[in-house]
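Q: Residue-level listing of the chains:
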Amino acid sequence: MELLSLSAVELSAAIREKKITAVEAMEAVLDRIEECEPQYHCYVTVDREGALERAGQVQKRIEAGELTGPLAGVPVAVKDNMCTEGMLTTCASRILENFIPFYTAEAVLNLEKAGAVLIGKTNMDEFAMGSTTETSAYGVTKNPRNPEYVPGGSSGGSAAAVAAEECFFALGSDTGGSIRQPASFCGVVGMKPTYGTVSRYGLVAYGSSLDQIGPLSKTVEDCAAVLEAIASHDSKDSTSVERSDTNFTEALVRDVRGLRIGIPRDYFGEGLDPEVRSAVLEAAKVLEAQGAVLEEFDLSLVDYAIPAYYTIAAAEASSNLERFDGIKYGYRADAQGLHQMYKKTRSQGFGPEVKRRIMLGSFVLSSGYYDAYYLKALRVKGMIKKAFDDAFSKYDCILGPAAPSTAPKLGESLSDPIKMYLGDIYTISVNLAGLPGLCVPCGTDHKGLPIGLQLIGDCFQEKKLIRIGYTYEQCRKDLQGA
Amino acid sequence: MSKEYETVIGLEVHVELAAKTKIFCGCSTAFGGSPNAHTCPVCTGMPGSLPVLNKKVLEYAVAVGLAANCEITRYCKFDRKNYFYPDNPQNYQISQLYLPICRNGWVEIDTPDGPKKVGIHEIHMEEDAGKLIHDEWEDCTLVDYNRSGVPLIEIVSEPDMRSADEVIAYLEKLRLIIQYLGASDCKLQEGSMRADVNLSVREKGSEQLGTRTEMKNLNSFRAIARAIEGEKNRQIDLLEAGESVVQETRRWDDGKETSYAMRSKEDAQDYRYFPDPDLPPVSISEEFLEEIRARQPEFRTEKRKRYKEEFDIPDYDIEIITGSKHMADLFEATVALGAQPKKVSNWLMVETLRILKEQELDPEDIRFSPENLAKLIALTESRAINSTVAKEVFEVMFRENVDPERYVEEKGLKMVSDEGALRKTVEEVIAANPQSVQDYRNGKEKAIGFLVGQTMKAMKGKADPGSVNKLLKELL
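Keeping their order, the protein sequence lines are chains A and B.
If you read the first sequence in the working numbering, its first letter stands for residue 1, the second for the next number, and so on.
If you read the second sequence in the working numbering, its first letter stands for residue 1001, the second for the next number, and so on.
In case anyone wonders, no lab produced these hints; they're calculated from the structure.
Take these hints with a grain of salt, some might be off.
[Stated by the list, open to error] Some chain B residues near chain A, calculated using beta-carbon distances under 7 Å:
1. L1050
2. V1052
3. R1080
[To be verified] Result set (DSSO-like, lysine-lysine): computed pairs, CA atoms no more than 30 Å apart in a straight line:
4. B:K1055 to A:K328
5. A:K376 to B:K1077
6. A:K447 to A:K419
7. B:K1305 to B:K1357
8. B:K1131 to A:K343
9. B:K1391 to B:K1414
10. B:K1056 to B:K1173
11. B:K1357 to A:K344
12. A:K328 to B:K1305
13. A:K343 to B:K1081
14. B:K1081 to B:K1131
15. B:K1117 to B:K1216
16. B:K1204 to B:K1216
17. B:K1077 to A:K386
18. A:K328 to B:K1391
19. A:K355 to B:K1056
We treat Cβ as the ideally placed atom computed from N, Cα and C, and that holds for glycine.
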């Protein structure tokens, strides 16, 4: 048994069957981290001692029969923008270099209840702003499939940790594609659930109306199991939704017969890498062969998604990040007087991409521009939702790429932020419309870099995505095995 | 003054709501407590914390809005007001700008020219900020977030008031409505009611509004009246001197009876208001509105009318009693226990008001129960105690809400009704004071007063002075 290559669900089964203990699994992961971190740098914090202690406690509870679920005893990595009691939570920013929360994010609590064992915190773009994990104040993360390339972002540390087998699954957060795009670049499974499905309590906000926590995993089965564990109605989050259909693992069915899949022409136009295009369309054919009904259609408004997204997300971010002022926690610069202290703390504490978005957001909210930018962006958001509503009146799912290309080389992206923003074109409208999106690996390009297939569902239709994604994944496995 | 001027005043009134927990978290709103004792991640602006609206706040805001004849916004939203200051932990205040909960209302005030309507532009809900405490010794500033997130409503009037008297009448009216609703205790001194005065002057007869200033830091009705007078004169002087009024915020210094500019319109910050994405819009159902309407109490105007019909007490008493919800409740509850309205009113009007005045308390601070007041009245009615003893008992009852029956019993204050014991004491007093007896017999009527006093003293006040008087005369 090659321990580290087990899926989360397989590992927990092995633990339950007493083939291995949770502590042994954690030790293996920690050894792997020690071996790989110098090369990939997936983590900001690895809590070695705490992780082993927690694994020991979980093992006892498994033996006592208290923990029986599919994640019990499984080591997990959490993106460093989710608060963890007693454990450094930096958002990969200097401004939170010393912030240790005294509360734990609801999603992480839910994982702990399910018996998953926290290893540490993964690297990310600073405050989740970026698409490459290069804006972190604590160094870049490299793509384990080829360390000359970026892992994607902003949940790049989480995706890379899964790909490098430095954890069995991870949590990320997705505001404009920050789970799905790194999943695509690293060749792992990633899902952004319907807005409101996973509590945002304890997730350090970037764009509050768009942020959702979701799983990054090796398999669709793990993804379903994790989503089932973290989804909850939380009275501490006013945007949390009460759902009774969160038994997502029931959707792990290899059957897509009769399902209608829409392929938006707008997602296959100019700017799409031909290798990505053919891999994704190939995947669609696999599903068609399984009995799904494919149809091309025009989604429309795709070009408006990026400006609308960057207006709304930056506006919310400019306000959300105001609390980082050196007064209550985090980094404080030495300065005379309140005003100078604010100025120096924030100038030194935030990196350039964060500052750029704070400025952009402050501008679009300022008086005289509010109507022209922010309100207009909200209207575009409404129209995009409407376009998806129309599509979902015809289709069970929309299929397309997760990103226009495979991972770029390290250092190529930050010099041209607009180009970097354009890379979000296939993912951000999903956030604007509050929809679920699933990314499943569907091949590699000539450089051997992974390509991701994105499945988009109507609100609360994660089960359809899981069913289609699972079917595709199993078929691909068969094809590869053959 | 060559021209005649008119003062135009509008008010922004902040009222701290009586909700037991904060507006967006479960922390206590209790006043006091050691610094930061009533805080949590939400009201200290910790990363990842999220606000959840306290429904009680919404109920209070709607109740006040209905009482002030407002339209209730059926789909209202919260907005963020962004500005940096350490008392504001998130560096934005959650308030309402675009869709406030109440709009377009009015309240009626009494003026020398008869009743007048003052328009309410809007009422919105928002959170209070924390407090900064400057430590002179350490030369540093400390922050206490206990008040951060305490629920407020801001009541914005139309510029409908023309004098300090109208402003005071308007504030009194708001205070009464809100107190009657139990939505706040509305104490200006303690800051649970705060008023900012927007004032401008214009030539009488002019339709156009003059440039206004906003005055802050007004902690009493008296300060408000003086600030209005001062600011009106300052603006008129400027205009008379050919200068113009600058639109600015001014801080009133009641000690110096003067105001000074805090910031002008040019320094006005851009608050970058936008809808708070953490709080979904609030939809107000017809059922919710009905529920609140059904719970609205009898307000002062109706109460006054009913008192006139039901109770035989003077109009003046009615004014005073209904001027405080707490006093009115006390009055009605005591009457309901069987006490005669006139007697209850007398205790409230004389002894209660006297002690309140002496101790600089509000009627809201009265702590004795209607049961105990009813018992005290019953004790005097049955002549179990005399009026001097009753006043003594009342003082203790006012202080400690003691049960008068038990207190009188324990202290042995009951009047001696035993004729034999009384006669014996009187005889002893006569024997011990031959000079006074002689004086009385010589026609000095006043001397009997001394003998009554001596007898009361010997009886430790537990005799009925009338009976003593009668008995003395008989024996002499």
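Q: Next, verify each hint and record whether it holds.
A: Tested hints:
no., hint, result
1, L1050, "holds, 5 Å"
2, V1052, "holds, 5 Å"
3, R1080, "holds, 5 Å"
4, B:K1055 to A:K328, "holds, 29 Å"
5, A:K376 to B:K1077, "holds, 18 Å"
6, A:K447 to A:K419, "holds, 21 Å"
7, B:K1305 to B:K1357, "holds, 27 Å"
8, B:K1131 to A:K343, "holds, 22 Å"
9, B:K1391 to B:K1414, "holds, 13 Å"
10, B:K1056 to B:K1173, "holds, 23 Å"
11, B:K1357 to A:K344, "violated, 54 Å"
12, A:K328 to B:K1305, "violated, 55 Å"
13, A:K343 to B:K1081, "holds, 20 Å"
14, B:K1081 to B:K1131, "holds, 18 Å"
15, B:K1117 to B:K1216, "holds, 24 Å"
16, B:K1204 to B:K1216, "holds, 26 Å"
17, B:K1077 to A:K386, "holds, 22 Å"
18, A:K328 to B:K1391, "violated, 55 Å"
19, A:K355 to B:K1056, "violated, 39 Å"
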